[in-house]
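Peer 1: Build out the structure end to end from the sequences listed, making use of the hints.
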Amino acid sequence: MSQQIVFFILAAITLTSAIAVVALRNLFHAALALMASFLGVAGIYILLEAGFLGMAQLLVYIGAISILIIFAVMMTRRMMQTRETPFNSQVVAALIGTLLSFAVLVVVIGQLYPLVPGTDTMLGSAPAVDPAIIENSTARMGLSFVSADGYVLPFEAASVLLLAALVGSIIIAWPRSGEEENL
Amino acid sequence: MSTIIDLLKSLLSLSLGDFIRRTFGTSPGIELLIDIGGVVILSTFCLLIVIFLIWLERKLIARMQDRIGPNRVGGRYGALQTVADVVKLLSKEIIHPSGADWISYNAAPILTVIAALLVWAVMPFAPGVIGVDLNIGVFYVMAISSASVMVLLLAGWGSNNKYALLGAFRAVAQMVSYEVPMILALLVPVILARTMSTDGIIAAQSIPFLLFAPVSALIFYISSLAETGRTPFDLLEAESEIVAGFHIEYGGMKFGMFFLAEFVNTLFWSGMFATLYLGGYRFFGLENWVSADGYPYGRMIGLIVFFIKTFSVYFVYVWIRGTLPRVRVDQILNYNWKFLVPLSLVLIFFVALIDKLIPAGTGPAARMSIHLALNLLLAFLTLEVLRRRGRQFRESLSGGDGPGGREALFPDDDHGHGSDAHEAPAHDDHGDMPLGSREPIAVPIH
Amino acid sequence: MIPLSWYLLLSAALFSVGLFGVLARRNAIAILMGVELMLNAVNINLIAFWRYLTPDRSVGMVWATFVLTVAAAEAAVGLALIISIYRNRDSVNVEELDTLKN
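These protein sequences, in sequence, are chains A, B and C. Residue 815 in this note's numbering sits at position 102 of the first sequence, with consecutive numbering throughout. Residue 376 in this note's numbering sits at position 375 of the second sequence, with consecutive numbering throughout. Residue 6 in this note's numbering sits at position 5 of the third sequence, with consecutive numbering throughout.
FYI, nobody ran anything at the bench for these hints, they're computed from the structure. Treat the numbers as computed from the prediction; the structure is a model and nothing was measured. In this text, a Cβ means the ideal position worked out from N, Cα and C, and glycines have one as well. The hints are all genuine.
Covered by chain A, per the in silico footprint, the following chain C stretches (three or more residues, Cβ under 8 Å):
| # | segment |
| --- | --- |
| 1 | 2-15 |
| 2 | 36-49 |
| 3 | 61-70 |
Peer 2: As structure tokens, this is what we get:
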């Protein structure tokens, strides 16, 4: 019961701030709402007993990505003062398409999994597992990153991707000669 | 009567929770009450100890500068000076700058305090006296302190003030940069203890990790100086350059909250240093002493030992503040990215390698010696490289176009700026440029 | 006592909101924010499935971590592109960015 209350609070935080992200005209406020949404998702991870990923969410999304986004918002600051609508010309079509896709997802989920909580039906509640399994999940994940029959190749690929992104973004954003005064 | 004696003994042995369970029985409600009580006690302690910390810092700094410091309010030693300051802050008018962003402006001080208090949850004060022993404790600390950087942007942007925004940009650049060597340095105790839980790291320190990993301890200490924004990295509030940084528009208790968070954070990192490198509450096994009638009095010893260690580290923070001048913002970032990050990367690589090579049965003393030898070798090599670079630099000075110019002050600039340093030679030749134009971080102010 | 479907519904809703942001916003940074919301929705799904179906294996958490990595790389490169475009065109309005050359 208390878990359900926590879930609803977190879901409400996540969804309302997500709607604020797409609806707010002021981009800085949208970025703040995005942060709140990330925080709600981190809470959902912790509710799902994935504490490590919740903390990684804080570290990466709020500590790094949100800051990057806010820096970008400030660098392109003139766009925030605009009085016109934040949406483009296809907003109605986008709304209809989004609602349709959401309806399809709801129907599919409702078909596949029970919507009411309960222990007897499969997946009506989180399966009870040995606490040690949850406790050691982070360690197991770390081991599977480096073991040859685990995910060592994707892990290395991700490292290369990060390095490439680092170098690439520096090269792209590097001011060309004579452009510094426009900054 | 026996209940009162029980209560006193429980207080003395820091096992109030056990006392409540003994007296009122165990039920989910009681457990919830104990948890809430623990949270209240912990946060109240953090907020109140700031009053003492500020007094201590002012006294120490005054002694270092050959002054007396606070000496009027509350007796000869000015013990109540901070209380008077708090009353003054509380009674000030709440000012709202025009054009300020209401939500960000008002949320920032509150969020700062929340973030400063949240990290204390994993601080082990004594055996069994810990908010919650997360198995990812160290990671939790880094996540919270990384997320709290956001608050500075809120404050700087919400204030609608150029200086506040500049200060916030500087602060964010500094903190995001110094997180990198800090996380890398923190990995060393984690590797040595093979756990991320703060309590587990203490349990692994039969010999303090300071002797295992002095270089990592030094990197961690320097990064924590930058992370809390203390001298010599107090650029975010450089009074002479950007008046007060991100909290310039804050007055009264809103300013007080930023001030408070800074001190709580400093004490927290002192405690973290004591926990990770000095063995925390460990004191030759005495901290686990349980008396014959079942009260763990050792906890009190552990708490005292923990605070002695923490305040020793804290004293060094104050000492550094009394000794070192402030460094420039480009120097701060260059020092981080060109020195601390490479060094900590090399360190983490060799520590992991050596620790894997040491056979499992080796005693702690032998293991410590090997790690210490590695650290000393690394430190020696680093100093040697620095010495050579320094000599090259001095020779280039005596043979070059003479000191005084920007080139002389900052030989690395060509690498840092890349091609644009050559395109704009005027920038380099004149020493009389305004100070602001030298900052490499370009901030858009329209 | 939370059924798996609740997490999936939350994830679907978050994904749809993000999708709407991507399709309907004018500002390139706002579009990027929508993409981040969608990636978060994917991660909720991955971790919910991990907890409910394979808690004894690490596959769900591993892929959630990879999504996190990709999101970080995507944000860095995307924002660098946006800054670069803003410098050249003085606009981050995607409706105005419709020429392939200059």
